[in-house]
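Chemist: To get this note's numbering, take the position in the sequence shown, counting from 1, and add 18.
Any given hint might turn out to be false.
Claimed, not checked - Simulated DEER-style distance windows between Cβ atoms:
#, residue 1, residue 2, range
1, SER133, GLY79, 25 to 31 angstroms
2, SER133, ARG185, 16 to 22 angstroms
3, LEU92, GLU136, 22 to 28 angstroms
What the hints assert, rightly or not - Below 25 angstroms or equal to it, Euclidean Cα-Cα: the simulated DSS-like pairs (lysine-lysine) are:
#, residue 1, residue 2
4, LYS115, LYS217
5, LYS65, LYS230
6, LYS230, LYS156
7, LYS96, LYS156
8, LYS163, LYS115
9, LYS65, LYS217
10, LYS115, LYS203
11, LYS65, LYS115
12, LYS163, LYS96
No lab work stands behind these hints: they were computed from the structure.
Don't be surprised by glycine CBs; every beta carbon is placed ideally from N, CA and C.
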Amino acid sequence: MAWKIWTPGLSCSIRRSSEPLTDSISARWQALHLDRPPSARLLAVSKGHPAAAVRSVAELGQCDFGESRIQEALPKQKELIDLQLRWHFIGRLQSNKVRPVVKAFDVIHSVDSLSLAERVSRIAVEEGRQPEVLLQVKLRPDPSKGGVSAEELGAIWSDLLALPGLRISGLMTMAPLGMAAEQRKGLFADCRALADRLKLAECSMGMSMDWKEAAEAGSTWLRIGSALFGSRLVSTDSAN
Numbered sequence: 019m020a021w022k023i024w025t026p027g028l029s030c031s032i033r034r035s036s037e038p039l040t041d042s043i044s045a046r047w048q049a050l051h052l053d054r055p056p057s058a059r060l061l062a063v064s065k066g067h068p069a070a071a072v073r074s075v076a077e078l079g080q081c082d083f084g085e086s087r088i089q090e091a092l093p094k095q096k097e098l099i100d101l102q103l104r105w106h107f108i109g110r111l112q113s114n115k116v117r118p119v120v121k122a123f124d125v126i127h128s129v130d131s132l133s134l135a136e137r138v139s140r141i142a143v144e145e146g147r148q149p150e151v152l153l154q155v156k157l158r159p160d161p162s163k164g165g166v167s168a169e170e171l172g173a174i175w176s177d178l179l180a181l182p183g184l185r186i187s188g189l190m191t192m193a194p195l196g197m198a199a200e201q202r203k204g205l206f207a208d209c210r211a212l213a214d215r216l217k218l219a220e221c222s223m224g225m226s227m228d229w230k231e232a233a234e235a236g237s238t239w240l241r242i243g244s245a246l247f248g249s250r251l252v253s254t255d256s257a258n
């Protein structure tokens, strides 16, 4: 189903490279924009891919890119400093990596506890930054993923709202591996409903294998990696 044809706009300033863009990435990027609803924006997950690939996609008009490892992200950001890009941190946020992440990223999708939010808040104030934050929620049992339950989020909500230096804009969730499509739809719908109850605009949910279910449920950020860039070229096995 196609909701709307997306035409690359002028939301970011791009200095075009003389290197040709591969037809496969260009075709996949255009197809993703043809298929997604206008309310669901594409977050190009560039982890595991070189700066040259990011530049190629940016030249199409893509401004938002996601990375999960600070050591991998910083050299890319330095190489691409001539582009006006917005960087999203989507990996597990370790407490000892909060400061470099706060300094280098515009949006953080993976704040999964009150204590971590408090640390992000303190460091953001110290650094004179105000990152946009999405709270990671876990709405189905999944021992492999972090996140707060809906009940836990309700209990700490007033404390989160009182933290300075943060712009809490939404929720992030991931479906457990092996979950059936209908179950994923239910999970994503529950996340959207929870965000609506909290009056949060953003829902970061849906990846390369399940983004269509997430988009139908009301996702506003689709985290797309392999469906856009293809297989990863750089190992991302180690920690942040």
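Chemist: Indicate, hint by hint, whether the structure satisfies it.
Modeler: Structure-based check of all given hints:
no.	hint	verdict
1	SER133 to GLY79: 25 to 31 angstroms	39 angstroms, violated
2	SER133 to ARG185: 16 to 22 angstroms	19 angstroms, holds
3	LEU92 to GLU136: 22 to 28 angstroms	25 angstroms, holds
4	LYS115 to LYS217	29 angstroms, violated
5	LYS65 to LYS230	21 angstroms, holds
6	LYS230 to LYS156	20 angstroms, holds
7	LYS96 to LYS156	34 angstroms, violated
8	LYS163 to LYS115	18 angstroms, holds
9	LYS65 to LYS217	31 angstroms, violated
10	LYS115 to LYS203	33 angstroms, violated
11	LYS65 to LYS115	17 angstroms, holds
12	LYS163 to LYS96	30 angstroms, violated
In the structure shown, a violation is registered for the earlier hints numbered 1, 4, 7, 9, 10 and 12, in ascending order.
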